[in-house]
Amino acid sequence: MVNLSINGMQVKVPEGTTILEAAKKLNFRIPVLCHHDDLCVAGNCRVCVVEQLGGKALLAACATPVNEGMQILTNSLKVRSARKHVIELLLSEHNADCTKCYKNGKCELQDLSNEFSVGDHLLLDLIDLKNYTIDRFSPSIQKDDSKCIRCQRCVRTCEQLQGVNALTVAHKGDRMKISTFEDLSMAEVICTNCGQCINRCPTGALVERTYLDEVWDAILDPKKHVVVQTAPAVRVGLGEELGLEPGNRVTGKMVATLKRLGFDSVLDTDFTADLTIMEEGTELLTRLKGALVDRDPGVALPMTTSCSPGWVKFIEHTFPEFLPNVSSCKSPQQMFGALAKTYYAHVRKLDPRDVVSVSIMPCTAKKYEANRPEMRSSGYKDVDYVLTTRELARMIKQAGVDFNKLKEDKYDSIMGTSTGAGVIFGATGGVMEAALRTAYEIVTGREVPFDGLNIMHVRGVEGVRMASILIEDCKEEWSFLNGVELKCAVAHGLVNARTLMNSVKRGEINVHFIEVMACPGGCLGGGGQPIPTNEEIRKKRTEAIYAEDMSMKIRKSHENPEVIGVYKEFLGEPLGHKSHELLHTHYTERVRY
Amino acid sequence: MKDKYVKRVDLIFEKVECRKILEKIMKMEPDAICQEVLESDLKGRGGAGFPTGMKWRFAAQEKEPVKYIVCNADEGEPGTFKDREILDRVPEKVFCGMAVAARAVGAKNGYVYLRGEYKFLIPKLKEHLHIFHQLVEEFNLNFRVHIRLGSGAYICGEESALFESLEGKRGEPRNKPPYPTTSGLFNKPTAVNNVETLVHSVMIMKYGASHFRELGTKDSRGSKVFSVSGDTPKAGIYELELGMSVNEFVEEFGDGDTKSVQVGGASGFCVPRKKFEETIIGFEGVPTGGSMKLFNSTRSMYNVLHNYLDFFSEESCGQCTPCRVGCQQLLKGVEAVKRGDKNSRYLDELVKLAKTMKRASKCGLGQSVGNAFGSIVENFKEEIIY
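From first to last, the protein sequence lines are chains A and B.
So in my numbering, spot 357 of the first sequence is number 357, and the numbers just go up one at a time.
So in my numbering, spot 23 of the second sequence is number 23, and the numbers just go up one at a time.
Because the hints were derived from the structure by calculation, they are not lab data.
Don't be surprised by glycine CBs; every beta carbon is placed ideally from N, CA and C.
Wrong hints could be hidden among the right ones.
Said to hold, decoys possible - If you anchor each label on the Cβ, the simulated ranges turn out as follows: (1) A:Leu-126 with B:Lys-24: 52 to 60 Å; (2) B:Pro-51 with A:Gly-16: 22 to 30 Å; (3) A:Leu-126 with B:Asn-307: 17 to 25 Å; (4) B:Glu-14 with A:Lys-25: 56 to 64 Å; (5) A:His-580 with B:Gly-152: 57 to 65 Å; (6) B:Phe-13 with A:Ser-5: 38 to 46 Å; (7) B:Gly-152 with A:Asn-131: 21 to 29 Å; (8) A:Lys-25 with B:Gln-61: 31 to 39 Å; (9) A:Asn-502 with B:Gly-168: 50 to 58 Å; (10) A:Asp-183 with B:Gly-152: 16 to 24 Å; (11) A:Lys-487 with B:Pro-51: 54 to 62 Å; (12) B:His-211 with A:Glu-115: 53 to 61 Å; (13) A:Leu-122 with B:Asp-257: 33 to 41 Å; (14) B:Lys-381 with A:Gly-16: 43 to 51 Å.
Stated by the list, open to error - In silico BS3-like links for lysine-lysine, alpha-carbon gap of 30 Å or less: (15) B:Lys-338 with A:Lys-78; (16) A:Lys-84 with B:Lys-381; (17) B:Lys-355 with A:Lys-78; (18) B:Lys-176 with A:Lys-56; (19) A:Lys-84 with B:Lys-352; (20) A:Lys-130 with B:Lys-342; (21) B:Lys-352 with A:Lys-56; (22) B:Lys-206 with B:Lys-15; (23) A:Lys-84 with A:Lys-24; (24) A:Lys-130 with B:Lys-338; (25) A:Lys-24 with B:Lys-176; (26) B:Lys-275 with B:Lys-381; (27) A:Lys-539 with A:Lys-106; (28) A:Lys-56 with B:Lys-188; (29) A:Lys-259 with A:Lys-224; (30) B:Lys-218 with B:Lys-126; (31) B:Lys-355 with A:Lys-56; (32) B:Lys-206 with A:Lys-56; (33) A:Lys-56 with A:Lys-106; (34) B:Lys-188 with B:Lys-275; (35) A:Lys-25 with B:Lys-176; (36) B:Lys-342 with A:Lys-78; (37) B:Lys-275 with A:Lys-56; (38) B:Lys-188 with A:Lys-84; (39) B:Lys-275 with B:Lys-352; (40) A:Lys-177 with B:Lys-274.
This is chain B alone, in the form it adopts within the complex (with noise of 0.2 Å):
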């Protein structure tokens, strides 16, 4: 096990020439453009990992003949910044994979939902975009991009009430099924994915599905992008294959004190330095939409609970019982726990609750609070009671 290493890996910040791309795509069949993404097995990359070669063939195989692309740059998760570095270093790319799954998909329309503190990217944005339409004129593929700002709230980076949102409405998210496929944007069928899995789609084109898949495991293909904040000397991005382990992650990026590692950001897991060896940063362990970020030992772990508790009290868009008043009631629990109010048993009460609003929320952000509060609470319990 020594010889394994964190690879790094240089594909989406790689220069390529989006002509050579579109021309390319323009020869291919658009199924067979599915087929080549569903064969690299790529999975969204914005953290919930869903084929994007078969989000993309089901978007397809809808009869409705309008139908729209929707490049999901809300990137909201604490601890996640790789989206922003992507849409500034190569935004080109972006758009090219948003080409890329217009071909596929058979849409006319694109959006671009950028979170609005990334305000400042727009006027690069535009340049690009510029170009980017010119050069589709040029191939006589018929699509547009159009970008539109986010207002900050966190709920909208989830597709549906991203949807909303971008229709004008308050981002809350809708009922599934139907699924964006079936019906998304304007009630058309809609392929929405995360900045990086557009700029992998470009790469999968540019090199194959086989090449992408040589790099990663069976559960988790390819590279991704890693934001790596905390406790770190060398926070930043970084471009990894997937499959490591947490302990060979720390051991690259570790001050040498590591205390744990909370992986995917708030709505992800919290990972204990026991635990670093046996779990894999990936979809068959721990699966991650870029945010990585350690704790060494003088940090509370009730403060970083907390912390995360009442970041979900806030963003909650407040629409479903479980997410909009279980994160109070989690919040609120544990300050009373630490204030000696409730006893320590009243941690498994709200570690049931946790289950609930994982099993009854409406959307994933209500289901994915328990990941972080769970595993917190598990595997420092002392933290949060002493």
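Bound-form chain A, shown alone (with noise of 0.2 Å):
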């Protein structure tokens, strides 16, 4: 343990920790730009500068260890005279058009130019607007230079996080700025659209491309029926948005706000996520037969879920040669999409011309993904539109309803109605749970074997998770399964799928299912959820997921009976013709460089 003190108060704290945290122990908040809990140590913004009795230098708060006997200032003149000067640097580089900005009152830049009332510009206005364009190319990510403060929180979570590299730092000086390869926009380059980056950014640099504008025009067209699917993770995110502390489970008051804010049906995406099960299931187990019976070497084992857009993306840039091992299944969004416009279009009797589908997604890669080309197989756009939740929460405002005092409602029938295995599609291994839950019942007639039907092995925060459940006692037409031990991996965040997927390409991990969520913590850390995020706010929402998979009546896909219906009346059979047309895709090996 360390002794010090900080602004005279005395306080003990263990070796290695950093003035900012000491700091914090004793309730002083020192403020930060560069420095993310997700991340490692910067000290590149200063802003967090501290003064050291005897010290020629400040020091980074966020970057120094404590030492003992440290006699720290937080507040001294020095120290605010070097903060006010470093806010007004960073302001005088930037871009300060706050009214009209998107991230007008999210901006931590904001947010400190206020607390240090830097109103008068002292210094010289340094940005030439007429050198810098914005951006627009992404279907998911708008970068504007003009508003980046070079803190280079989003290199660091594309590099750390993702492994994919797709932001780095260019040039040096008054040129240094954060770049992608060659220049080229977002839409170019190796980016997965996950949109880590925009959490992390502190200013206005990196938001969302927004569809807002798109949604209500079709809501306010009468002869557009818009329908919305709102995604497992949504649920346990939304309510950060409107003042509610994280962890809030608020299923309800949204589906009530989607109906008043005039949406024609509200439906959910667990269905699908069910569906998903369904056809994602049947196909491991159709591999696996393939596999063991037929003993076909064309069989790609291990399978790869493919629900996460960021992660069939990260594939098919970084390691095409597992691309016949990903599942063909479309992601949830997608087969809602496809239904949406065949199935709940013949069944309400409309004519899908005039069906608008659009999504709430935690998520900015399913923007990208709602765009390919692949995704048309209904005739017509599956999705049309996709909101993350931050866009949802801001429609909300517009239309001015009243959130938090709103009764709750329940989704609309058909495709409205899912089970507890379709909510825990929102955290890391819940596919993987939802999928075992089903495949094992099917091939043995009997429920998984654990307390509950929760299956701990595969929930968690590490990386990468192992776990393996034992086949007996199956049914005759599944009786070469008996006494195989199904094994499975579970990988969050990319720079962890590209660890587990090495080994399998090594030959050190031998699996026969893989579920990868490209984000931290699953959908529900996605990149289109509430900012801030860290790990403790990623837990809260794992834990409101899991609680409302256990206030679910239904728990698993194959006894959602929308699901059993829309087999009987359109479907046929998993894996069947019609799913194969409408629920089944392919993917494409992109450049690698």
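Dock the two chains into a complex; use the hints.
This is the structure:
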């Protein structure tokens, strides 16, 4: 333990603690901009500088470990003057058109500028807007360098959490900027559209491409029938954008709100999550049969999930040799879109041309996914517009709905009924758990042998997790699986996905089924979720997801009555002809450099 | 005082037999080498002036078995060109100095980080390196030196940015602590020394600490190689005893009309004529990595300052706010004052800003921009404004 004093108050902290953390213990908040709980220390914005008595230079509180006997001042004359200078300097190279900015009111630089009342422009304005254009080429991410304060949070996110390195630092001195390969647009470089950079950008330099106006136009067009689907993770995140603490489940209120916003039908992505389990589970069992019974060398195992569009684009770029291993199932969002314009339109006697399909997602990569050319198997664009959780909150504010006072409401039918298995798609390990609940029961006729259906092995926060389940006493048609130990691996965060896939490639890991979610924590930590994010917040959202699962009457996908219904009335059987046409897709090898 | 004069020294370029130095250090305990260098009071010749013996001892005391010696040959300070001369004329002594450091610290590998523009030296260095490797093998000293080339960024002369660059990354300074002697190149304990420092260590091994201490003053022992340029009839490289005043220096090298001397390059201080007498060149006064630039009355100090600020605006790595934006503000600020867009009081604001840069910047680059700025603005305010 190390003893030190901060602003004259004694504190004892473990060795290696930073001044920032030690000050927090004494309830002194030191402002930060480049520091982020999820990322390695940078120490480059210098807004967190503090004074050490007897020291010449000021110290970056985020980057300096404590020393025995240190005497720190966090609010001395020198500190205040330096901090104000740093904020002024940042503002002088920042396009401070705050009232017009997408991040107005949610900008960390704006907050600091307020706190330090940096009003009178003391320094010269350095920014020449003629030299900047906003990169709007990506359907997911919008990059505006004129708002960038070079804190490099995005660069560290892309490198350390995702291992993608789409964003990097280029040039030096006054020309230094956050750039991409050859300064190409975000649409042209190897970017998975995961949006984790957006979640950590302190300003409006990186934001989602918004489609709010398009959605409003559709809603307000009397000729259009607008269907909305909500992803599992949205219901545990949305509250944060509307003033609630992390970890609040707002499913019912969200449904009530969506109805008030004017959507013609409020449905649930969880329904197609259950459908995904039916298709993907069957696909896995078919692959296992091909490998174990028919000894077909063409069967690709391990099979990986395909619901995370960030992961899909990542594997297309990074491990194209594994493309046959990726489940051919569309993601729940896209399955929903394809059914909305076929099955749903048919049942509700609508012309599919008049159906507009909107999805609310915790994700920015979903915006890209919806725009993939292969996602038009209904004959129309399966999903017309994708909004993030944050955009929905903005929509709610625009419409003036008093969210927190609303009574809870229920999803419409059809395609609005879901199970606990569908809900847990929102957390890392959830797809695996849902798939096991169903596949095990299909094969053995018994429930998975875990207390309360909770498969704790696949849950957790570790980047890569392994689990296995022994299959015994199978039903007759699945007898070839008797005694097989079904092995699974789960990864979240693309840097962990890369580690896992490299191990698979080298033959160090031998499994049958792999779940990968591009974002840390799974969808609940997605790039479209409320800001800020950190491990603590994601933990609370995770708890909420599993609580939602526990609260559901039905917790296994194959027991979802609407899923049973859609097979009976429309699809036939899993992996059947119609399923293939509407619910499955293919992948494309993409550039690797 | 009249009998004082600028004493020329010839230690750095004196030919030595490296074999004898190696023979001697192989008989010495590693800590005895540290002790000898410590007693000599040799301070780093790159400009920062950290005691070399202490640096070596810190690195030697680290438990980690893998350690490195790095020779900082990224001579980039405007107005210095002495390392180039040393590497050109006595490369064997540089390698020998690295061997001394390696023996003292316990390193098996060393790197020479050579300024990109000094690429032409590589054939010669490789030739000498070959001979050097044969020599260390003879003495069973397990030490190999590798030569790496920089790419022209000034910031890569900063030790931790240099490590990043050597590791193949973008040259950006690291947070300190940890210091290089704990976690340097490849996060291993590293002793990083200037070219000249290493050569001095060879001479200390040859003649002993006491011989070194005979030269110079209490705070600045020994001699130093100076790169003299600007308005002087005697531009060139001179090894001089430390401790002279700027006045003595100007009497020797000036053209009779010297208005000011920039000691230590763009990151150093500007000494005006009225302070020549009282200012000692050395760690007790104005330290220098070797750059000595003389300006006569035909020079505009505004242009001099503008040139430096332009240089820093471009050569800041851009990582930390005070340095990246501060340099631009100082540059645009003096331009605005000169144009009359800002009144002269704005200079006071800029001086305050320069103070913040000194206190809050991440590395030595940003911390030293205020040296030239402050000293030029303070002494030549009129030339900046009018």
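Status of the hints after comparison with the structure:
1. A:Leu-126 with B:Lys-24: 52 to 60 Å: Given about 57 Å between the Cβ atoms, the range holds.
2. B:Pro-51 with A:Gly-16: 22 to 30 Å: Since the Cβ atoms of Pro-51 of chain B and Gly-16 of chain A sit about 28 Å apart, the hinted range of 22 to 30 Å holds.
3. A:Leu-126 with B:Asn-307: 17 to 25 Å: 20 Å, holds
4. B:Glu-14 with A:Lys-25: 56 to 64 Å: 58 Å, holds
5. A:His-580 with B:Gly-152: 57 to 65 Å: At 58 Å between Cβs, range holds.
6. B:Phe-13 with A:Ser-5: 38 to 46 Å: 53 Å, violated
7. B:Gly-152 with A:Asn-131: 21 to 29 Å: Holds: the Cβ-Cβ distance is about 24 Å, inside 21 to 29 Å.
8. A:Lys-25 with B:Gln-61: 31 to 39 Å: The hinted range 31 to 39 Å holds for Lys-25 of chain A and Gln-61 of chain B, with Cβ atoms some 32 Å apart.
9. A:Asn-502 with B:Gly-168: 50 to 58 Å: 20 Å, violated
10. A:Asp-183 with B:Gly-152: 16 to 24 Å: Cβ of Asp-183 of chain A to Cβ of Gly-152 of chain B: about 20 Å, so the range 16 to 24 Å holds.
11. A:Lys-487 with B:Pro-51: 54 to 62 Å: 59 Å, holds
12. B:His-211 with A:Glu-115: 53 to 61 Å: Given a distance of about 60 Å, which is inside 53 to 61 Å, the answer is holds.
13. A:Leu-122 with B:Asp-257: 33 to 41 Å: 39 Å, holds
14. B:Lys-381 with A:Gly-16: 43 to 51 Å: About 47 Å separates the Cβ atoms of Lys-381 of chain B and Gly-16 of chain A, which means 43 to 51 Å holds.
15. B:Lys-338 with A:Lys-78: 29 Å, holds
16. A:Lys-84 with B:Lys-381: Given pair Lys-84 of chain A, Lys-381 of chain B holds - Cα atoms ~26 Å apart, limit 30 Å.
17. B:Lys-355 with A:Lys-78: Given pair Lys-355 of chain B, Lys-78 of chain A holds - Cα atoms ~10 Å apart, limit 30 Å.
18. B:Lys-176 with A:Lys-56: 14 Å, holds
19. A:Lys-84 with B:Lys-352: Given that 30 Å is the threshold and the Cα spacing comes to 12 Å, the pair holds.
20. A:Lys-130 with B:Lys-342: 24 Å, holds
21. B:Lys-352 with A:Lys-56: 16 Å, holds
22. B:Lys-206 with B:Lys-15: 11 Å, holds
23. A:Lys-84 with A:Lys-24: Judged against 30 Å, a Cα distance of about 21 Å means the pair holds.
24. A:Lys-130 with B:Lys-338: Status holds; Cα separation ~25 Å.
25. A:Lys-24 with B:Lys-176: The given pair, whose Cα atoms are some 22 Å apart, holds under the 30 Å limit.
26. B:Lys-275 with B:Lys-381: 16 Å, holds
27. A:Lys-539 with A:Lys-106: 23 Å, holds
28. A:Lys-56 with B:Lys-188: 27 Å, holds
29. A:Lys-259 with A:Lys-224: Measuring from Cα to Cα gives roughly 15 Å; hence the hint holds.
30. B:Lys-218 with B:Lys-126: 38 Å, violated
31. B:Lys-355 with A:Lys-56: Holds. Lys-355 of chain B to Lys-56 of chain A sits at ~11 Å (cutoff 30 Å).
32. B:Lys-206 with A:Lys-56: With a Cα-Cα distance of about 37 Å, the restraint between Lys-206 of chain B and Lys-56 of chain A is violated, given a limit of 30 Å.
33. A:Lys-56 with A:Lys-106: 35 Å, violated
34. B:Lys-188 with B:Lys-275: Given that 30 Å is the threshold and the Cα spacing comes to 44 Å, the pair is violated.
35. A:Lys-25 with B:Lys-176: 23 Å, holds
36. B:Lys-342 with A:Lys-78: 25 Å, holds
37. B:Lys-275 with A:Lys-56: Roughly 25 Å between the alpha carbons, so the hint for Lys-275 of chain B and Lys-56 of chain A holds.
38. B:Lys-188 with A:Lys-84: 37 Å, violated
39. B:Lys-275 with B:Lys-352: With a Cα-Cα distance of about 23 Å, the restraint between Lys-275 of chain B and Lys-352 of chain B holds, given a limit of 30 Å.
40. A:Lys-177 with B:Lys-274: Not satisfied, since the Cα-Cα distance of roughly 43 Å exceeds 30 Å.
Violation of the numbered hints given earlier is confined to hints 6, 9, 30, 32, 33, 34, 38 and 40; the remaining hints are satisfied by the structure.
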